[in-house]
Amino acid sequence: MCKHSPTCPNAEAADHEAAKAVLRDDVTGFSLLCNGVVLFHDTGEVLPDGRVIAPHRSGDVRQAAAA
1 MCKHSPTCPN AEAADHEAAK AVLRDDVTGF SLLCNGVVLF HDTGEVLPDG RVIAPHRSGD
61 VRQAAAA
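The numbering used here puts the first residue of the sequence shown at 1, with every later residue one more than the last.
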């Protein structure tokens with residue numbers, strides 16, 4: 001799917017979130033990355049094969065949001 005040079009990491013790579021966004025919707029809070037990953041603003045993800053990755057913000061972000 002990626003046509004960038006160098007190519008972006010695939011959806012199975014540990015750094016898959018580093019792929020470039022090809023579509024971003026700030027109203028609904030998601031980005032579609034060129035490797036097929038849907039990345040949500042809360043850091044949750046849906047991989048191209050349908051697997052869901054729960055939000056994984058660092059503890060610092062949660063603490064700051066609660067303050």
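Treat the hints with caution; some may be incorrect.
Claimed, not checked - Below, a list of computed lysine to aspartate or glutamate pairs in the DMTMM-like style, where the Cα atoms sit at most 20 angstroms apart:
no., residue 1, residue 2
1, Lys20, Asp42
2, Lys3, Glu17
3, Lys3, Asp15
4, Lys20, Asp49
5, Lys3, Asp26
Since the hints were made in silico from the structure, they are not lab data.
So, going through the hints one by one against the coordinates:
1. Lys20 - Asp42: holds (18 angstroms)
2. Lys3 - Glu17: holds (16 angstroms)
3. Lys3 - Asp15: At roughly 17 angstroms apart (the allowed maximum being 20 angstroms), Asp15 and Lys3 satisfy the hint.
4. Lys20 - Asp49: holds (19 angstroms)
5. Lys3 - Asp26: violated (24 angstroms)
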